[in-house]
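**Q** Please model the entire structure based on the sequences and the hints provided.
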Amino acid sequence: MASGAKGDKVKDLQARLKQLDWYTDLIDGDYGKKTAEAVSGFQKKREIPVTGEVDQRTLDRLNGMTRKPTADELNNVAPKPKSPSMTLDDRCLQGRVVCISKAQRKLALVVDGKIQMQMDVRFGSELTPTRNGVFSVGWKSRNHVSSIYKTPMPYALFFSGGQAVHYSSDFAARGYNGSSHGCVNVRDKKKVAALFDSVSEGDKVVVYTG
Numbered sequence: 001m002a003s004g005a006k007g008d009k010v011k012d013l014q015a016r017l018k019q020l021d022w023y024t025d026l027i028d029g030d031y032g033k034k035t036a037e038a039v040s041g042f043q044k045k046r047e048i049p050v051t052g053e054v055d056q057r058t059l060d061r062l063n064g065m066t067r068k069p070t071a072d073e074l075n076n077v078a079p080k081p082k083s084p085s086m087t088l089d090d091r092c093l094q095g096r097v098v099c100i101s102k103a104q105r106k107l108a109l110v111v112d113g114k115i116q117m118q119m120d121v122r123f124g125s126e127l128t129p130t131r132n133g134v135f136s137v138g139w140k141s142r143n144h145v146s147s148i149y150k151t152p153m154p155y156a157l158f159f160s161g162g163q164a165v166h167y168s169s170d171f172a173a174r175g176y177n178g179s180s181h182g183c184v185n186v187r188d189k190k191k192v193a194a195l196f197d198s199v200s201e202g203d204k205v206v207v208y209t210g
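Every letter in the sequence shown is one number past the one before it in our numbering, and letter 202, counting from 1, is 202.
Simulated from the structure, these hints should not be mistaken for laboratory data. Don't take every hint at face value.
Here are the computed lysine-lysine pairs in the DSSO-like style, where the Cα-Cα straight-line distance is at most 27 Å [to be verified]:
id, residue 1, residue 2
1, K190, K80
2, K80, K45
3, K102, K80
4, K102, K114
5, K114, K34
6, K190, K204
7, K44, K11
8, K68, K80
9, K44, K102
10, K33, K11
11, K106, K189
12, K34, K11
13, K114, K191
14, K191, K80
15, K45, K11
**A** Here is the structure:
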């Protein structure tokens, strides 16, 4: 390949050069000046004759240092930012634990110290606070409705009396402008459904301030 070439092979070349930070422009399948400069830089760094053109030696070396580009890479789709992992309390590091941090406003399912899934949560108000401590999942109720407030509590995992982890449509709609009556609300229905299916009665629950 050389200047003037076009097509999928050029896209693959540009994406691989981008993985190594040699090419920074949009991947367009057009072997222009920027692509030639990136190839030249790569060749010079690897002590390959600097031509700005891709011979078999250059291609083999580049392929050996990179992976096959994804469809998103080839189509200039920016990766979604990852949610930062929460800092775990020491009590969450052994066995299967539903780990809940008030300060970080996050819940994680942790197995032997490794986070399996993570989600945003909110808690009770000052008048109806969520209790801190070490508990266990007492019982589960997929389509629960509160006997006191008559509101839906789907995917409820009860861990301390009437307090449970559950999906909250109010949290989904209003965010942190509202609060629960002591429960741990989750606003992502798919995530809390996955949590419900992954957690068993008796699994440890840790609620902490930090």
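**Q** Each hint should be assessed against the structure and marked as holding or not.
**A** To see whether the hints hold, each was checked on the structure:
For the proposed pair K190 and K80, the alpha carbon gap of about 18 Å is at most 27 Å, so the pair holds. At most 27 Å may separate the alpha-carbon atoms for a hinted pair to count; K80 and K45 exceed this at roughly 31 Å. Distance check on the hinted pair: K102 and K80 sit about 25 Å apart at the alpha-carbon level, within 27 Å; holds. Between K102 and K114 the alpha-carbon distance is near 19 Å, which keeps this suggested pair within the 27 Å criterion.
For the suggested pair K114 and K34, the alpha carbons sit about 43 Å apart, so the restraint of at most 27 Å is broken. Distance hint between K190 and K204 is fulfilled; the C-alpha atoms sit about 22 Å from each other, no more than 27 Å. The suggested pairing of K44 with K11 holds, with an alpha-carbon distance near 21 Å, which does not exceed 27 Å. Under the criterion of a C-alpha separation no larger than 27 Å, the hint pairing K68 with K80 is consistent with the structure, at around 19 Å.
Of the supplied pair hints, the one linking K44 and K102 is violated, its CA atoms being roughly 53 Å apart against a limit of 27 Å. Note on K33 and K11: the hinted pairing holds, with a Cα-Cα distance of about 14 Å set against a maximum of 27 Å. A distance of roughly 15 Å separates the Cα atoms of K106 and K189; the hinted pair therefore holds under the 27 Å criterion. Restraint check for K34 and K11: satisfied, since their Cα atoms lie roughly 13 Å apart, inside the 27 Å limit.
Under the criterion of a C-alpha separation no larger than 27 Å, the hint pairing K114 with K191 is consistent with the structure, at around 17 Å. About 17 Å separates the Cα atoms of K191 and K80, which keeps this hinted pair within 27 Å; it holds. Between K45 and K11, the direct Cα distance comes to roughly 22 Å. Compliance with the 27 Å bound is thereby established for this hinted pair.
Hints 2, 5 and 9, counting from the list given before, are not met by this structure.
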